[in-house]
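**Student:** What follows is the residue order along each chain.
Number of protein chains: 2
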Amino acid sequence: MSDPLFDAAVDGDRRSLARAISRIDDRATGTLEAIGSLSPRRIGGPGKPFVLGITGPPGAGKSTFTDKLITRARTRGEKVAVVAVDPSSPFSGGAILGDRLRMEGHATDPNVFIRSLASRGHLGGLSRASGQVVDLLDAASFDLIIVETVGVGQSELAVMEVADTVLVVLTPESGDVVQTMKAGLLEVADLFVVNKSDRPGANALQRNLELMVHLDMPLQSTDSHWAIPVATCSATENDGIDEVVDSALAHLEWCCGPGRPAWDRRRAVGRVRTFLDVVSEDARSYALDALRDEHAALRLGLEAGDINPYQAAADWGTKG
Amino acid sequence: MSDPLFDAAVDGDRRSLARAISRIDDRATGTLEAIGSLSPRRIGGPGKPFVLGITGPPGAGKSTFTDKLITRARTRGEKVAVVAVDPSSPFSGGAILGDRLRMEGHATDPNVFIRSLASRGHLGGLSRASGQVVDLLDAASFDLIIVETVGVGQSELAVMEVADTVLVVLTPESGDVVQTMKAGLLEVADLFVVNKSDRPGANALQRNLELMVHLDMPLQSTDSHWAIPVATCSATENDGIDEVVDSALAHLEWCCGPGRPAWDRRRAVGRVRTFLDVVSEDARSYALDALRDEHAALRLGLEAGDINPYQAAADWGTKG
Chain A
1 MSDPLFDAAV
11 DGDRRSLARA
21 ISRIDDRATG
31 TLEAIGSLSP
41 RRIGGPGKPF
51 VLGITGPPGA
61 GKSTFTDKLI
71 TRARTRGEKV
81 AVVAVDPSSP
91 FSGGAILGDR
101 LRMEGHATDP
111 NVFIRSLASR
121 GHLGGLSRAS
131 GQVVDLLDAA
141 SFDLIIVETV
151 GVGQSELAVM
161 EVADTVLVVL
171 TPESGDVVQT
181 MKAGLLEVAD
191 LFVVNKSDRP
201 GANALQRNLE
211 LMVHLDMPLQ
221 STDSHWAIPV
231 ATCSATENDG
241 IDEVVDSALA
251 HLEWCCGPGR
261 PAWDRRRAVG
271 RVRTFLDVVS
281 EDARSYALDA
291 LRDEHAALRL
301 GLEAGDINPY
311 QAAADWGTKG
Chain B
1 MSDPLFDAAV
11 DGDRRSLARA
21 ISRIDDRATG
31 TLEAIGSLSP
41 RRIGGPGKPF
51 VLGITGPPGA
61 GKSTFTDKLI
71 TRARTRGEKV
81 AVVAVDPSSP
91 FSGGAILGDR
101 LRMEGHATDP
111 NVFIRSLASR
121 GHLGGLSRAS
131 GQVVDLLDAA
141 SFDLIIVETV
151 GVGQSELAVM
161 EVADTVLVVL
171 TPESGDVVQT
181 MKAGLLEVAD
191 LFVVNKSDRP
201 GANALQRNLE
211 LMVHLDMPLQ
221 STDSHWAIPV
231 ATCSATENDG
241 IDEVVDSALA
251 HLEWCCGPGR
261 PAWDRRRAVG
271 RVRTFLDVVS
281 EDARSYALDA
291 LRDEHAALRL
301 GLEAGDINPY
311 QAAADWGTKG
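Protein sequence lines, in the order shown, are assigned to chains A and B. Residue numbers for the first sequence follow my numbering, so the first one is 1 and each next one is one higher. Residue numbers for the second sequence follow my numbering, so the first one is 1 and each next one is one higher.
It should be emphasised that the hints constitute simulated quantities derived from the structure, not laboratory data. Be aware that a few hints might be false.
Pulled a few chain B residues facing chain A out of the computed Cβ check, cut under 8 angstroms [what the hints assert, rightly or not]: (1) L32; (2) S197; (3) P200; (4) L302; (5) E303; (6) N308.
List time: in silico EDC-like cross-link candidates among lysine to aspartate or glutamate, alpha-carbon distance up to 20 angstroms [claimed, not checked]: (7) B:K48 - B:E33; (8) B:K79 - B:E253; (9) A:K48 - B:E237; (10) B:K48 - A:D306; (11) B:K68 - B:E237; (12) A:K48 - A:D143.
Computed footprint of chain A on chain B; a stretch qualifies when at least three of its residues, placed anywhere within it, have a C-beta under 8 angstroms from a C-beta of chain A [as the list claims (entries may be wrong)]: (13) 128 to 142; (14) 278 to 292.
This one's a predicted model, so the numbers in the text were calculated from it and none came from an experiment. Backbone N, C-alpha and C fix where the C-beta goes; we use that ideal spot for every residue, glycine too.
The shape of chain A in the complex, shown without the other chains:
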């Protein structure tokens, strides 16, 4: 069912867009229907809009790339939206807030829309909120949508499902290749960037990432295989950043051409995962509602210790 606020947002009213995003973030009633009535262009294929994910640990330099990407897109006359997701990483040192401030240069540009998502919820909440916001920004005709997360948990990586191209920014300080793999970053990355390339360990990290990426894989991209580039740069020295942006655009071109089946496949997997995340979130909400009744025997039994929570959950599932 169509919704006046969402309609106005799609038609380009920034205030309505901001308010519609707040409604998504708050899980207001009717949001699901309003989102369902949108016509996102991206279901048809990659590139319109281009959804770029940027992830990596705190302090890796993600904001520099976001800033640069905005500038490049603006010189081409494109409309840009940035969605910053930073819900569960309290120790990120306020990086995302810092990013927003550093992007202030773009804040007065009417064709740049920057917004952070506050969704605290569990895995499904984050994934749902970011996916729905991208659907809305897509329908609102943005050309480039940048989704930025601090990649230190599964919730943050799940958000990357929504992106056409995922840029993973690392630094020598952020850990070695084993940790990168353990984090699942290898599975989401379309390109790696080793930032702060002047620091000790940068070359070793790059070399090991390349070894890992090309393990039993062709060194060159083919129609069915994207050879993940491992770039180095020094963002503060403004050295190597343009090449990274070029690589991101090259991946998009590949997705639109020979890599289209791979892109389709990833989108398909992404929709399945989103479904699972949301089911899990909803089950929690539903159980919570059932416990809210002051006199609920289950709640009283759990509180008193008469009911084992693992057993109760198993019983809930079979009756559920």
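Model the placement of chain B on the given structure of chain A, informed by the hints.
**Tutor:** Just chain B now, kept in the frame of chain A:
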């Protein structure tokens, strides 16, 4: 139903204990029943065993306290178990592994059992695994059970539900009070420790934590209120650590005495949350099983983009 492996673990066989923990970690069939048949002592009250949670960001110095606590408990002839949980924090710089290595001094002591949990799962998986492992270690007559997590996400904080006393270790580098609050650390902490007290910002962090902790609260503990101490120390200089350990023991004493109702209340809330986490995890597994059938119309529809995942999840819930 009793299980021979779990019985042997409870009777003190270390190899059986390690294998039983692996079964919990792997969610092997029959685990729920085996855990249900145990008789953990802790349902009766705090202190037997003493379950101590230690959390804080990577590099805060948690291992130093763990090591010191083990040594203190051993001089009193107590059996000690350490459970290290580090599933979703790939950028912790290998802190937990480092901790284990640093604790090697205790590794040859037959009365010290150190084990890490690999559970990758979602919120419910972690919470369940650590809760069940503590139940098992409790039944196996350990006197002190230390549960250590890197507190950078909700999953890690959820693990702290299992503890009688929670020690939150911070450093001036790990963020300010606002971030500590945002992280939910104020809600789980029974004592704060500002480590690396010689670094700039340590005094300000301590002062602000104290302001926050005592906001509208009595400065001294009463029967119904525990005044959270904010200690400073320099773990590498071995300065102030004994006082921290004393504070942890003071909190336990308070729980066993005048604070008993507060302890009971927290355990009650913990059991409710565990139930919710596990329900949510199970719903996900159940939906996943349903999708596994190659010909499942839902899976095919999601993959093809014919079915909106948010709508499908809503439909799944109502039929579920």
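**Student:** Please go over all the hints and tell whether each is borne out by the structure.
**Tutor:** Tested hints:
Hint on B:L32 holds. Least Cβ distance to chain A is approximately 6 angstroms, under the 8 angstroms limit. Residue-level restraint check for B:S197 is violated (minimum Cβ-Cβ distance to chain A is 19 angstroms; threshold 8 angstroms). With 8 angstroms as the threshold, the beta carbon of B:P200 stays out of range of chain A, its nearest partner Cβ sitting at about 15 angstroms, so the hint is violated. At about 5 angstroms, the closest approach between the beta carbon of B:L302 and any beta carbon in chain A falls short of 8 angstroms, and the interface hint on this residue holds.
Because the closest C-beta pair between B:E303 and chain A is about 4 angstroms apart, less than 8 angstroms, the hint holds. A cut of 8 angstroms between beta carbons decides the hint on B:N308: the least distance to chain A is about 6 angstroms, and the hint holds. Taking the CA atoms of B:K48 and B:E33, the gap is near 23 angstroms; set against the 20 angstroms cutoff, the hint is violated. The suggested pairing of B:K79 with B:E253 holds, with an alpha-carbon distance near 19 angstroms, which does not exceed 20 angstroms.
This hinted pair does not check out: A:K48 and B:E237 have alpha carbons roughly 58 angstroms apart, beyond 20 angstroms. Straight-line distance between C-alpha atoms of B:K48 and A:D306 comes to about 19 angstroms, which keeps the hinted pair within the 20 angstroms bound. Straight-line distance between C-alpha atoms of B:K68 and B:E237 comes to about 13 angstroms, which keeps the hinted pair within the 20 angstroms bound. With a C-alpha separation of about 6 angstroms, the suggested pair A:K48 and A:D143 falls inside the 20 angstroms cut-off, and the hint holds.
Beta-carbon proximity to chain A at under 8 angstroms applies to 3 residues in the segment 128 to 142 of chain B; the threshold of 3 is reached and the given coverage holds. Look at the segment 278 to 292 of chain B against chain A: 11 of its residues bring a Cβ nearer than 8 angstroms to a Cβ of that chain, three or more, so the hint holds.
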